[in-house]
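2 protein chains.
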Amino acid sequence: MSELLQKAKKAKECARVLSSKTTEEKNTALLKIADFLLNETDFLIRENEKDLEVARNNGTNEGIIDRLTLTAERLSDMAEGLKQVADLPDPVGESLTEYQRPNGLGIEKIRVPLGVIGMIYEARPNVTIDASSLCLKSGNAVLLRGSSSAIHSNIALVKVVQDALKQTAIPSEAIQLLEDTRRETATEMFTLNDYLDVLIPRGGASLIQSVVKNASVPVLETGVGNCHLFIDETANPEMAISISVNAKTQRPSVCNAAETIVIHQKWADQHFEQLVKALSEKNVSFVGDQKAQTYNQTIVQATEEDWANEFLDLKVAIKIVDSLEEAIEHIYKYGTKHSEAIISEDANNVTTFLNEIDAAAVYHNASTRFTDGFEFGFGAEIGISTQKLHARGPMGLEALTSTKYLVRGNGQVK
Amino acid sequence: MSELLQKAKKAKECARVLSSKTTEEKNTALLKIADFLLNETDFLIRENEKDLEVARNNGTNEGIIDRLTLTAERLSDMAEGLKQVADLPDPVGESLTEYQRPNGLGIEKIRVPLGVIGMIYEARPNVTIDASSLCLKSGNAVLLRGSSSAIHSNIALVKVVQDALKQTAIPSEAIQLLEDTRRETATEMFTLNDYLDVLIPRGGASLIQSVVKNASVPVLETGVGNCHLFIDETANPEMAISISVNAKTQRPSVCNAAETIVIHQKWADQHFEQLVKALSEKNVSFVGDQKAQTYNQTIVQATEEDWANEFLDLKVAIKIVDSLEEAIEHIYKYGTKHSEAIISEDANNVTTFLNEIDAAAVYHNASTRFTDGFEFGFGAEIGISTQKLHARGPMGLEALTSTKYLVRGNGQVK
Chain C
1 MSELLQKAKK AKECARVLSS KTTEEKNTAL LKIADFLLNE TDFLIRENEK
51 DLEVARNNGT NEGIIDRLTL TAERLSDMAE GLKQVADLPD PVGESLTEYQ
101 RPNGLGIEKI RVPLGVIGMI YEARPNVTID ASSLCLKSGN AVLLRGSSSA
151 IHSNIALVKV VQDALKQTAI PSEAIQLLED TRRETATEMF TLNDYLDVLI
201 PRGGASLIQS VVKNASVPVL ETGVGNCHLF IDETANPEMA ISISVNAKTQ
251 RPSVCNAAET IVIHQKWADQ HFEQLVKALS EKNVSFVGDQ KAQTYNQTIV
301 QATEEDWANE FLDLKVAIKI VDSLEEAIEH IYKYGTKHSE AIISEDANNV
351 TTFLNEIDAA AVYHNASTRF TDGFEFGFGA EIGISTQKLH ARGPMGLEAL
401 TSTKYLVRGN GQVK
Chain Z
1 MSELLQKAKK AKECARVLSS KTTEEKNTAL LKIADFLLNE TDFLIRENEK
51 DLEVARNNGT NEGIIDRLTL TAERLSDMAE GLKQVADLPD PVGESLTEYQ
101 RPNGLGIEKI RVPLGVIGMI YEARPNVTID ASSLCLKSGN AVLLRGSSSA
151 IHSNIALVKV VQDALKQTAI PSEAIQLLED TRRETATEMF TLNDYLDVLI
201 PRGGASLIQS VVKNASVPVL ETGVGNCHLF IDETANPEMA ISISVNAKTQ
251 RPSVCNAAET IVIHQKWADQ HFEQLVKALS EKNVSFVGDQ KAQTYNQTIV
301 QATEEDWANE FLDLKVAIKI VDSLEEAIEH IYKYGTKHSE AIISEDANNV
351 TTFLNEIDAA AVYHNASTRF TDGFEFGFGA EIGISTQKLH ARGPMGLEAL
401 TSTKYLVRGN GQVK
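Protein sequence lines, in the order shown, are assigned to chains C and Z.
For the record, in the first sequence the residue sitting at position 111 is 111 according to my numbering, with numbers rising by one throughout.
For the record, in the second sequence the residue sitting at position 300 is 300 according to my numbering, with numbers rising by one throughout.
Accuracy of the hints is not assured; some may be wrong.
Which copy is meant is left open, so a pair is good if it fits within one copy or across any two.
[Stated by the list, open to error] The calculated DSSO-like cross-link candidates involving lysine-lysine, where the alpha carbons are at most 27 Å apart (straight line), are:
| id | residue 1 | residue 2 |
| --- | --- | --- |
| 1 | K315 | K414 |
| 2 | K414 | K282 |
| 3 | K83 | K166 |
| 4 | K83 | K32 |
| 5 | K315 | K266 |
| 6 | K12 | K333 |
| 7 | K12 | K159 |
| 8 | K9 | K166 |
| 9 | K414 | K83 |
| 10 | K213 | K12 |
| 11 | K213 | K9 |
| 12 | K333 | K10 |
| 13 | K333 | K109 |
| 14 | K12 | K166 |
| 15 | K277 | K414 |
| 16 | K333 | K9 |
| 17 | K50 | K159 |
| 18 | K10 | K32 |
| 19 | K266 | K333 |
| 20 | K159 | K10 |
| 21 | K282 | K315 |
Keep in mind the hints are simulated off the structure, nothing from the lab.
Here the structure is a predicted model, which means the values were calculated and not measured.
Chain C with its partners taken away, still in its complex shape (with noise of 0.2 Å):
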């Protein structure tokens, strides 16, 4: 047998036994992995070294061998998140409805596990880390397939799980990895619909739709974030200015940045050298629409590629409209429905905007960068989910969970 057959078929009978075990359990075996991380740092650190000497040694860019170092630092934060999901509520067998039906049928509803979830991923070992353990808080089994960049980090973190995991009520293959990284081995994941509830790929675009495009089981999208600011007539100039540079700035590589701004023109008309003298500080290089370029000649014009992508970078599009509904339509037209904001101080349009636009989270004179689990609150992230099933915007642990119904009757036939 395989050994992703093999790691599948023990992650299904994890699964059953972790879906009952108690919140205190649980809690244990996350502090438990918390500890054993922050004493097993040097090995740890010494595992990574080989990654990184073969990252070094392949040219891998600096940006890609920062994301895969581990310090002590980092894994003392990976210890550190360990604990903060441990103090999250347990959503497992939360009741979400009950009510008896005039038959007399009392009716529950009670959130559940997934059972077991297949997790994709890129180089960032802490992914590992983050989650394992919001899988095994939330009672899943985790089947976790990790870049080969990051194969002897991660082989040397799971270990140290399950080595922690044996001193607790967790079986301790509720978290494996599946150290074949063959990308034939990856695509099997995609159709075990007898193992897998469901596939979380995290990383890049082409990684997120190979899964979408070929995964029989079912999915949970994450990924782009085509974002737009719309600084409306009415905008607070310092306000936009600020919000813009924020949203453009502050992480640029990440999805909730902004990447096109849309300018009322009577706004322009007022403060649009403020706003690219502001931008330019920050090093933004800048393209636009025609009518950008009469503000300021310097703006190359905008390609259909550059309304359409992310830049990832610090780069942002321009683009000036007459009115809340052109702007409307350029978002309708471009985005990618996963953050949006108007920044305005007229009550309608606000109202208008919110109501029409169509995306994961939609911000009155807010930043888009608060796009996140942690920002909402929820503590914990395991993704921002793009797609409009299940869950929708960041997820956090209800996102890994069902439901199930409890049906209590005293003889009832239909």
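Following the hints, position chain Z against chain C.
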């Protein structure tokens, strides 16, 4: 452009318009459709006759011909169903949570329509109207793909629906039928991610599996119910027999009918013959394990197939066990996580069963036949979900919605 692509594009446009229609506008449209169905009874029956003639010429079996047949009474029931959906609360816009973060951001989660729903179903013209009414009420456009054997009926029904909508505020093409019923066209729907937000297949297991396996559009899986009754040692005999007869015989062809009765040996010692007699009077035939055969030698040995599959017929499998645990193991091995019931007067056993059985609905002292949107009080049903993501068990209007976060600030940046 193909009919499919043309109609899918139109559906997406209509979904956008429909999402902001008021409850009153949607209800007016539902009632208008009901009126039109009643006024066009003769036309609809005439068109339906064309399908019936083809079916008779093809030697189609009586059960299917019966499902295909439209009568004045059935059309009147459909009109009644539309009125009932109009009476249901509108899920769209419902505020699910609302709270403030320490930084002053106000976060509200509201229900929104899914967008465009692709409905793929077999030869039941009533699904055309049921699905249309639920999609319309929940603010979704729908692209219907029915069976070629019901094509005249479906074309006529959708014509009547669209004629009705033309007299209302709802765009008439919010409800469209794909007249091209070739299999390859349905297959094209599976991957129309740019236009369809969800696919709902309704019909036999092979249709549903084909959609689940091949679709990249998210699927709401409905389907197979290999449902069990467990009669515990302490079960009240009259209640156990009454529930067994009801769950097995009241409508054997449906997914929430019982297929296997698992019986504690001590209960069987007292009441086995009484149970067999009651079921036999309803023309039920039996298969069973060796122990069951020691009680009644006319019982045929059950095969692996018998335990694993739905009979969807007046046939039942009987399994005798020594303990609750053995019953739970049998259900874990063969159940399809649809509906499972325990008949027992032992509170501890009931709690264990309700906790450990993983199914959409778990019953105590009631028939599995209640797993149904109407019986659960939803007022309507688009199907019974057998998956764990998004919706599990009977799906009413809420299952046809997604959510969005509205985030209100006064200049917050991260």
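Exercise. At most 27 Å between C-alpha atoms: does K333 with K9 qualify within a copy, between copies, both, or neither?
Worked result: between (44 Å within a copy, 13 Å between copies)
Exercise. How do K9 and K166 come out at 27 Å by Cα distance, when the copy is not named: within, between, both, or neither?
Worked result: within (19 Å within a copy, 55 Å between copies)
Exercise. Given a CA cutoff of 27 Å, do K12 and K333 count as a within-copy pair, a between-copy pair, both, or neither?
Worked result: between (43 Å within a copy, 12 Å between copies)
Exercise. Can you tell me if K50 and K159 fall within 27 Å by alpha carbon in one copy, between copies, both or neither?
Worked result: within (16 Å within a copy, 67 Å between copies)
Problem set entry | Alpha-carbon proximity between K83 and K166, which holds within one copy, between copies, both or neither at 27 Å | within (18 Å within a copy, 59 Å between copies)
Exercise. Taking 27 Å as the upper bound on the Cα-Cα distance, should K277 and K414 be classified as within, between, both, or neither?
Worked result: Answer is between; shortest inter-copy Cα gap is 20 Å, intra-copy 72 Å.
For this session: Can you give me the call for K315 and K414, within, between, both or neither, at a CA distance of at most 27 Å?
Result: For K315 and K414, only the inter-copy Cα distance (19 Å) is at most 27 Å; the intra-copy one is 64 Å.
For this session: Measure nothing new, just compare the shortest in-copy and cross-copy C-alpha distances for K213 and K9 to 27 Å and report within, between, both or neither.
Result: both (25 Å within a copy, 20 Å between copies)
For this session: Check K12 against K159 for me: Cα-Cα at most 27 Å, and say if that holds within a copy, between copies, both or neither.
Result: within (20 Å within a copy, 49 Å between copies)
For this session: Tell me, please, which holds for K213 and K12 at an alpha-carbon limit of 27 Å: within, between, both or neither?
Result: Answer is both: 25 Å inside a copy and 21 Å across each meet the 27 Å cutoff.
Problem set entry | K83 and K32: within-copy, between-copy, both or neither at 27 Å Cα | For K83 and K32, the Cα distance is within 27 Å only inside one copy (9 Å; across copies 58 Å).
Exercise. From the Cα coordinates, with 27 Å as the cut-off, is the pair K333 and K10 best called within, between, both, or neither?
Worked result: Between copies only: 15 Å across, 46 Å inside.
In summary, the structure agrees with every hint in the numbered list given earlier.
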